[in-house]
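The lines below spell out each chain.
Protein chains: 2
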Amino acid sequence: MKDLDFMAHAIELAKKGRRHVQPNPMVGCVIVKKNKIIGEGWHKAYGGAHAEINAIKNCKKKFGSKKASLLIKGADVYVNLEPCSIEKNTPPCTNTLIEYQIKRVICGTLDPNPSINGRGIKILKKAGIQTKIGLLKNECEELNRIFFTTQKKLRPYIILKGAQSIDGKIALKNGESNWISNSDSRKDSHHIRSRVKGILVGRETAEQDNPALTVRLSSKELGLRKNDAVPQPVKIILGSLKKSTKTKKLFAGSEKIIIGSKLPAKKIKNVEYLEYEKKDFLDRFMQDLLQRNISSILVEGGQQTLNAFIGKNLFDELVLYTAPMILGKGSKDTMSSKAPMSIKKSPRLKLIKLESFGDDIKTTYYNPNA
Amino acid sequence: MKDLDFMAHAIELAKKGRRHVQPNPMVGCVIVKKNKIIGEGWHKAYGGAHAEINAIKNCKKKFGSKKASLLIKGADVYVNLEPCSIEKNTPPCTNTLIEYQIKRVICGTLDPNPSINGRGIKILKKAGIQTKIGLLKNECEELNRIFFTTQKKLRPYIILKGAQSIDGKIALKNGESNWISNSDSRKDSHHIRSRVKGILVGRETAEQDNPALTVRLSSKELGLRKNDAVPQPVKIILGSLKKSTKTKKLFAGSEKIIIGSKLPAKKIKNVEYLEYEKKDFLDRFMQDLLQRNISSILVEGGQQTLNAFIGKNLFDELVLYTAPMILGKGSKDTMSSKAPMSIKKSPRLKLIKLESFGDDIKTTYYNPNA
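Quick note, the sequences are listed as chains A and B, same order. Using the working numbering, you'd call the opening residue of the first sequence number 1 and step up by one each time. Using the working numbering, you'd call the opening residue of the second sequence number 1 and step up by one each time.
No lab work stands behind these hints: they were computed from the structure. One or more hints might be untrue.
When chains are identical, the list treats them as one kind, so a pair holds in a single copy or across two.
In the DSBU-like style, the derived pairs of lysine-lysine whose C-alpha atoms are separated by at most 35 Å in a straight line are [stated by the list, open to error]: (1) Lys61 / Lys44; (2) Lys312 / Lys243; (3) Lys344 / Lys220; (4) Lys256 / Lys61; (5) Lys344 / Lys242; (6) Lys220 / Lys173; (7) Lys220 / Lys15; (8) Lys16 / Lys34; (9) Lys344 / Lys246.
Please work from the sequences and hints to get the whole structure.
Here is the structure:
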């Protein structure tokens, strides 16, 4: 096996934490001696031990504490992200790696946090450990796309979702939008819900559609273990929503609700209010969500809300379900942002995934200009 | 091998005629005796021998004329389309099958021409030949989708093509539309051009874009043999086009040009004019094109022309290239047909194919309501 293979294995291990570590990154670690894996681990859950520590534990379990220590001494450590060098929920991993006298640390990427970026590597080098940075860099960045975004932009990773006709319409003139996409597409969208920490809709949509904003899939459908609870994102409303019969479903569950608005909203029990003085509070609202550990959100509409984000180029991912119908003249445009000056100058998104659900298609784009 | 396998083989043989038989259907034929193929053939080119005749020839070539006749007597014939029963360019195949004393004729579909539909089968039955209809019916209909359309609707098979942004815009407000789709998408669209008998654009597009309307791919790129000429469709203009410096490229080649218009157009040498009294002459124009053996057309725009076809529900296929950009407010809608009364009642197209070219996607839809 080669360097690349060990790093690829670390990435696979990291993915096992996908549903449990946000807002932390997914991290996997492989300890290698004489070209053989002697220990492996991953960050299992937010607040729990880091991947490096779990890999050492795994080695001890395999070989016993004493032999493990001898084996780890002089070994190579493969980890997709720079080892942590600060004490937060757990002691810094750099200390542990130094203590165990690791020979070489191979990282996929540096920590994206500007105040940390390279700090762990510096500490390791100072202690005489060899380091190598950037192995499978793209794959490691892609793996932790959410984490990298939150660290660099200090806001949640933002996914916009829309269901439209092939002519780019989100609703008829009278507002009717149920159901443009088919039931398989709608079911798929619950998978996206299950992967984010919050679902955001505008006040108007909340009042008109009375959405539950819950993940309505079973543990089995989500690929979870039988007894694992289905993750339910925080419900986030943009605008001064009042509780009423129109919004019954939204307030029905036990999930946390956050309302961000300019106007002070009428307070409801168990709802957190974030009130802003400026009319244009969207950037600030996003920062405040991240401070509440909401590291990823899915913006589900309606049209005005989607375009508030598009207009500010405030999104990292765009998911469109396109139904095979033409809604024609006078129907509502999904997107109504300002036209570019020329086609050449129009920023382009990056196509990431193309799927079909019956006659609907689903396109997933990244926004490289966010 | 089973009935299904022999018919599937006949379909594969039929496909070999794809580029050469329009407006005729593609037909393949397999002659089977004691579960073994003793002859096979296909319709190779418009005006040439039919598949059944070529299959008999193939049998004779294999076994010699005398032995072939003995073998064919009592054999089964698999053919994707009902054998012809009228003398047109060639003698009717039904006669030949009767002469050779075929035992059983297995057809995928009847001839869609209402005045023939079942006539050949009737003749065969009367002569004591067993018949079976409908084996791999869907596949056989799909194979000859163009032929079935021309026979049933008495107009060419109509493909609409557009390149749009993800928000369904075909151009900026000022008309700029070069280049929304990328070069790979544009290259792919030349493959579609190569498969139709005519390319249609509106007068305005012809004048504004000065398109050549030619297939700009090599024989090799088209999968043709080295010495095969690249097929060049007839150029068709909707509206009273004048020859000018603005339309230089259009008139540059040696391809036939047909102009259909209400106003009498200023006559140009080598151009055929179809003039109509009614303002709404599109249906009539299409019929006249088919009478000129133009069995399939690709409508490339512009926006008004596309919508003339969409508005009349006059299309069999819609091909959309969608580029990963948002052209936003004020840009021109690709489609501007009348909105449906409700989403439920909105007719839906059928997704046939989903492809990507770099970050562009290509969606191919059939129109089941045409």
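Q: Any hints from earlier that this structure breaks? Give me their numbers in increasing order, please.
A: 4, 6
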